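Chain residues, written in single-letter form:
Protein chains: 2
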Amino acid sequence: MVIESDPTSVRQALAGAVEAGDVLAAWELSDRARLLRGLADALDEAADELIPVAMEETSLPEPRLRGEVARSSGQLRMFADVVEEGSFLEVVIDTQDPHAVPVPRPDLRRMLVPLGPVLVFAASNFPFAFSVPGGDTASALAAGCPVIVKGHPGHPRLSILTHRVLIEAAQRCGAPAGTIGVILGERAGVDALRAPEVAAAAFTGSMRGGRALHAIAAQREVPIPFYGELGSINPAVVTESGAQQRAAEIVDGYVGSFTLGVGQFCTKPGLVLAPSKSDLVDRLAGAVRSATAGPMLTPAIRAGFVNGLEALKGVTGVRVLAEGVGLEDDVVPTVLALDVPTLLSAPEILLEECFGPVSLLVTYADPEELERAVDILPGSLTATVYGGDSEDPAAPALVRSMQARAGRVIWNGWPTGVAVSWAMQHGGPWPATVGSIHTSVGATAVRRFQRPVCYQNLPEAILPAVLRDANIQGIPRRINGLMTTGPVTAATGRPASGEH
Amino acid sequence: MVIESDPTSVRQALAGAVEAGDVLAAWELSDRARLLRGLADALDEAADELIPVAMEETSLPEPRLRGEVARSSGQLRMFADVVEEGSFLEVVIDTQDPHAVPVPRPDLRRMLVPLGPVLVFAASNFPFAFSVPGGDTASALAAGCPVIVKGHPGHPRLSILTHRVLIEAAQRCGAPAGTIGVILGERAGVDALRAPEVAAAAFTGSMRGGRALHAIAAQREVPIPFYGELGSINPAVVTESGAQQRAAEIVDGYVGSFTLGVGQFCTKPGLVLAPSKSDLVDRLAGAVRSATAGPMLTPAIRAGFVNGLEALKGVTGVRVLAEGVGLEDDVVPTVLALDVPTLLSAPEILLEECFGPVSLLVTYADPEELERAVDILPGSLTATVYGGDSEDPAAPALVRSMQARAGRVIWNGWPTGVAVSWAMQHGGPWPATVGSIHTSVGATAVRRFQRPVCYQNLPEAILPAVLRDANIQGIPRRINGLMTTGPVTAATGRPASGEH
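Just so you know, the sequences run in chain order A and B.
Under this note's numbering, the first residue of the first sequence is numbered 1, with each subsequent residue one higher.
Under this note's numbering, the first residue of the second sequence is numbered 1, with each subsequent residue one higher.
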């Protein structure tokens, strides 16, 4: 079944978003936080209604989906905290300085304001957390922007149902009907991306799709920022000490991580570099043979996996190290083994992400081989170093190499399971991310949907509330270069209480 | 004389930048600040050598160029302060939380790291402040990135000479020879933009040029961020009270602002909306008649101005309100008058920036006409509201409208004279800026050349110094969601002194 929004409903969603944008931008921060918490509560309350539909459309098991609903509502609540805390507005105040050189300085007050309607292209693999109620929606709303979600074709009924839950909750919170919209179908998505009403777009998906949409966003009459999360192989390197000291832990963690969610996570470790002189290879083969995966999200995704796996197996020098077990609809977890010369012989095939439960174990003979392999690794969301202890002599240089290639560098752990928190970074050098390197998870994801505005010599009465002298909201503000927390008065740079 | 770098020197500059990037990224913040101050001192010391060359190549007068050198060295010193203060690293630390729901949280520490070699396309109109030693160079170095400047063809000798001054100073500070490079010529610039060594580009110039380069940056095999500052008409609106109460002040400021630097500033007020029922028009005509400009930067820029002026004059309904005076090589300050219906009849001609000393005075008959005119204003670097007093009833709605269209909103003042400070914003909605909306002036300009990296469970010994538990540098850091200033220890969230 292909569901495609007709042009009229796309236009309605766009018009509704513009109208909602004006209302939301004028809201107090506390109203914005209340909206986010209202959405979180509504999502939790609707879990029993939504999860069966999600199970039907995505083949994902109930516990995973329950966890994902909790993650999504938790994310909405985290952004409510971020909004109330206020740092995300990046308030900077320079009071007038008639003695500044070379020219006197006027009163300048800067903050970030909402960009306007955001178009979100939902992902297949997280029907909640990267879909209608996901991180892009939550962070755009936190920025004060209305959202139009282009639902993923893998779960259209769930998209419509979740949207109904959210928009009813939003309206109960007093938000306009156009605060969150949903559209379906490739053509509808492209039409919306070209529409002048849209101010920014966020995308999670394939490299080909993301690159095409990025080009459309750049070639519009008015170009807009496009934040794409595309492909990532998430390399891991096991040092010699790591392999000696932690073989069992590494094997268990690795197999668990690349098979989690049937290998359909953007942070799946797709390539592991390990020393050839260790028993890691044999242990791994044993562990994979008892691993299970499950059915994939959609027939198209399954077909993509099967083709990708064949392409990897077709490279001379690549052998199947081990395969796991699977029931009738399942795909089978697979680890392919190869050496560094093989990797160097066909990087364009071997370094492309293959979405599904497959990973490459690349064995290196010595540090020189390891270095040559690391040198050709593309940008990734994550990169892991598995070492012995903190004194591991190989660690510092490897961490530096990995930092140059990834947004998150992990020590002695695996990349799946992305914590939603203040410090999380989910986005890395190309092709992990396109557009300026941003994050789509964690508190700073909101920055994608804001733009700076500076007010010069504006009378207090017309200034936005958070820029006035008295810091009634008590948010962190930079005043004349000094970072202040709590209620510091701009005119004096001293705590407000000190003035009484 | 056309000077064009040959492919060999472009390749050398790129290779040098890559080598320098590795060294600079490993430097302490204090070394980076020392480099910026060393460059500032060297620039000031070389002023007497540089300014005569600048005068010869740009026709700009000595006092203006002296001011610009001071502005440029001041900017380098401001970025040294920004580096030492440390907030620009945006350090966020989430310590381990085994009780986090839905999943335990690992130790996550996030900061911004340098992107890598930055290609800067210098502008014509500020041979120091937006050229080799300008804001893009200063902010990229502050981020820890080496810079390759593509010098503007309007001042090639000055570009080479200034580069020599800077790179000698940089080497005295211990920086590698590739820290700052200079290349000349359009082909060299495009070749460098396509080169894999370049990680980001910054551009100040024409809309056509900027748009073409932006497309090249997006279509590279590895797309890179492109920060362009293109065209801006910088509209101003005079309210009825403003015209009544401040006519003389407005006329003086306006004429001074649109003729400053021979109208060759990106913040030149190119269009002023004023009530038709006031004596502003007559006063303005009188003031313009005694205004002077001067010679333009280059013959090509002069030709562009002459053509642009003819196009504006050619629109039916546009009349020359007044012209100023000029010597032989000078262009003549010109104000063109028109009404709102005329503006609405040919917006594609009348709303395009014309670089040089011309401005449009658009008279509105009533608030409805004003609203229709404001509605079609394109994005700009700045927008001004000239009102009566802070109680002006027209002000709040106008400030809101202007904020939607500009990066800096000015009350009762004029946009030229951009203060270099913490709160400055120089960048606005398209076509003022392309790429995500950023600033090319002020402390936050450094953010263009950084990317986030998060370290998960990394041992203290391998963590970057600013992310370790003890905050030896005393920089502002967010710890478990709480903004902290001064030396707060991550592990406890309490001031370090409290632990002794």
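Hints in this document: simulated from the structure, not taken from any laboratory.
Heads up, some of the hints might be wrong.
Residues from chain B shown here face chain A by an in silico Cβ test under 8 angstroms; the list is partial [to be verified]:
#	residue
1	Arg71
2	Val92
3	Gln96
4	Val453
Now the stretches of chain A that chain B is said to cover, found in silico as 3 or more residues with beta-carbon under 8 angstroms [stated by the list, open to error]:
#	segment
5	156–170
6	244–251
7	356–365
8	475–485
Keep in mind that this is a model prediction, so the values were computed, not measured.
Built from N, CA and C at the ideal position, the CB exists for glycine as well.
Outcome of the hint check:
| no. | hint | in the structure |
| --- | --- | --- |
| 1 | Arg71 | holds (6 angstroms) |
| 2 | Val92 | holds (4 angstroms) |
| 3 | Gln96 | violated (10 angstroms) |
| 4 | Val453 | holds (6 angstroms) |
| 5 | 156–170 | violated (count 0) |
| 6 | 244–251 | violated (count 0) |
| 7 | 356–365 | violated (count 0) |
| 8 | 475–485 | holds (count 7) |
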